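Trainee: Read off the chains here:
2 protein chains.
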Amino acid sequence: MDSSNPIGLFDSGVGGLTVMSEVVKALPNEHILYLGDTAHLPYGNKSPSAIIRFAIENANFLMRQKIKLLIISCHTACAHAIDILQTLLPIPVLGVRDPGFCDLLQATRTKRVAVLATASTIASGTFQTLLQAEKLHVYPIACPLFVPFVEEGLQNHAAAKLIAEYYLSSLKGTGIDVALLACTHYPLLSTVIQEVLGTEVRLIEPAHSTAQMAAQLLKERNLLNPSTSSPIYRFFASDDPEKFRRLAKIFFPFPIEKVELV
Amino acid sequence: MDSSNPIGLFDSGVGGLTVMSEVVKALPNEHILYLGDTAHLPYGNKSPSAIIRFAIENANFLMRQKIKLLIISCHTACAHAIDILQTLLPIPVLGVRDPGFCDLLQATRTKRVAVLATASTIASGTFQTLLQAEKLHVYPIACPLFVPFVEEGLQNHAAAKLIAEYYLSSLKGTGIDVALLACTHYPLLSTVIQEVLGTEVRLIEPAHSTAQMAAQLLKERNLLNPSTSSPIYRFFASDDPEKFRRLAKIFFPFPIEKVELV
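Residue numbers (my numbering), protein chains in the order written: chain H, 1 to 262; chain B, 263 to 524.
Calculated from the structure, these hints are not laboratory results.
As the structure is a computational prediction, the values presented were derived from the model and not from experiment.
Be a bit skeptical, because a hint or two may be false.
Said to hold, decoys possible - Pairs of lysine-lysine, DSS-like flavour, derived with a Cα cap of 27 Å:
| hint | chain 1 | residue 1 | chain 2 | residue 2 |
| --- | --- | --- | --- | --- |
| 1 | H | 249 | H | 161 |
| 2 | B | 423 | H | 161 |
| 3 | B | 287 | B | 481 |
| 4 | B | 511 | B | 287 |
| 5 | H | 243 | H | 25 |
| 6 | B | 423 | H | 172 |
| 7 | H | 161 | B | 287 |
With the rest of the complex left out, here is chain H:
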């Protein structure tokens, strides 16, 4: 494996760019490819078999670009496909699931936690299984309207607050002290979610710890890029690259000059 090869990330759309921006900070010498599978978004209300198919197609596309590490930057894709991709691919595969799980374990004192995610992630039971094995009491909440609100830029609209109250009111009185935002769109709603849950509940999102885990893995396997010349970032979308570029600004603090259609 050539350590100068790029890291590959994919998500159904722009949400995973929050992970990429942390990877850029943690690994400033690495070339990075990002694929947004916008032709199939959102993943959150699709079936496991469809998500697995999309994930394999995305991984195959990135493998053809000779990536050295894959980071699945979408919780729904992780929930259904990380084990499959770890088995299929000849390169290391990380996802946002395990860092999220580790962060949650470390942060809780009451051992009562909430997981907020898409309908498909919640239905997969992946976080419930992991957390119950650690004797945590888990409150899984599917929040299907959160992604469309963020995609429409209406995360601060009064209706978003009403919807957050609708989804999260059952958490009152449960004694949770941590809530995992297990969808890369949800951090953009964190003000609203925090208002509804109260300041005693800590919100966690795993973009930062995913990037830390990626850095550690590359170091351990001697795969850090030895070059310190300017890294190359390339962005791909399976539909409407211009819309991707426009929406990307919400999630990614660096300029994106070009998005390529795949």
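Since the structure of chain H is provided, determine the placement of chain B on it from the hints.
Mentor: Just chain B now, kept in the frame of chain H:
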């Protein structure tokens, strides 16, 4: 062409079943195939080229089942692909666009009308072009959150009213007397939309007139099914047939026993 062949309908999901239920009433002897392209839904925020590709794939699938008439039961697909499918296919192709346009023309007195639709339908400019050619003043409004609200069964939630006010407040004082619900999901929000627009604005949705136009076309071309034995209805979905069957109940008043995966 065999007049005992079925009619084919497609939509991105279950919304087009409102059209199918009107076709069932208008043409009770006809066999009908319905395809929901749930692997790619929603269409409303995808690019024209993606929607054209999906529409051609859907039409090809239905053509292989030997349909005698295609009814595009999705406004977004109509907006981008009806002309292409009418050119490509050797059978008659109808869509919800033209009946909607005709209904609007007949209903308005003030010659000021609103068209409420997905972002992609509005961006296509299809209704604006048709209506401006008739000297109507058109107010096109994209309402991207309406479909997710309906899909989540939250069309009567207080947040839906707030979102309707957000999208439609610019119509106040414009003198419109008719609003076309140019998305098959929107009739489920008609109570909320009517509250916001006021009772002086008439809401129009073209499912009924699309079915009437289909009946007239089959009659004119001698394509009515001569048999009066029980017609066969078959339902197909490109993802998660069980979810399709569950959601279909909101849109279709008859029982659906089986949905086949394509």
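Trainee: All hints are to be evaluated individually against the structure, with a verdict given for each.
Mentor: Hint-by-hint comparison with the structure:
no.: 1; hint: H/249 x H/161; result: holds (23 Å)
no.: 2; hint: B/423 x H/161; result: holds (13 Å)
no.: 3; hint: B/287 x B/481; result: holds (15 Å)
no.: 4; hint: B/511 x B/287; result: holds (17 Å)
no.: 5; hint: H/243 x H/25; result: holds (25 Å)
no.: 6; hint: B/423 x H/172; result: holds (25 Å)
no.: 7; hint: H/161 x B/287; result: violated (42 Å)
Of the numbered hints listed earlier, the single one contradicted by the structure is hint 7.
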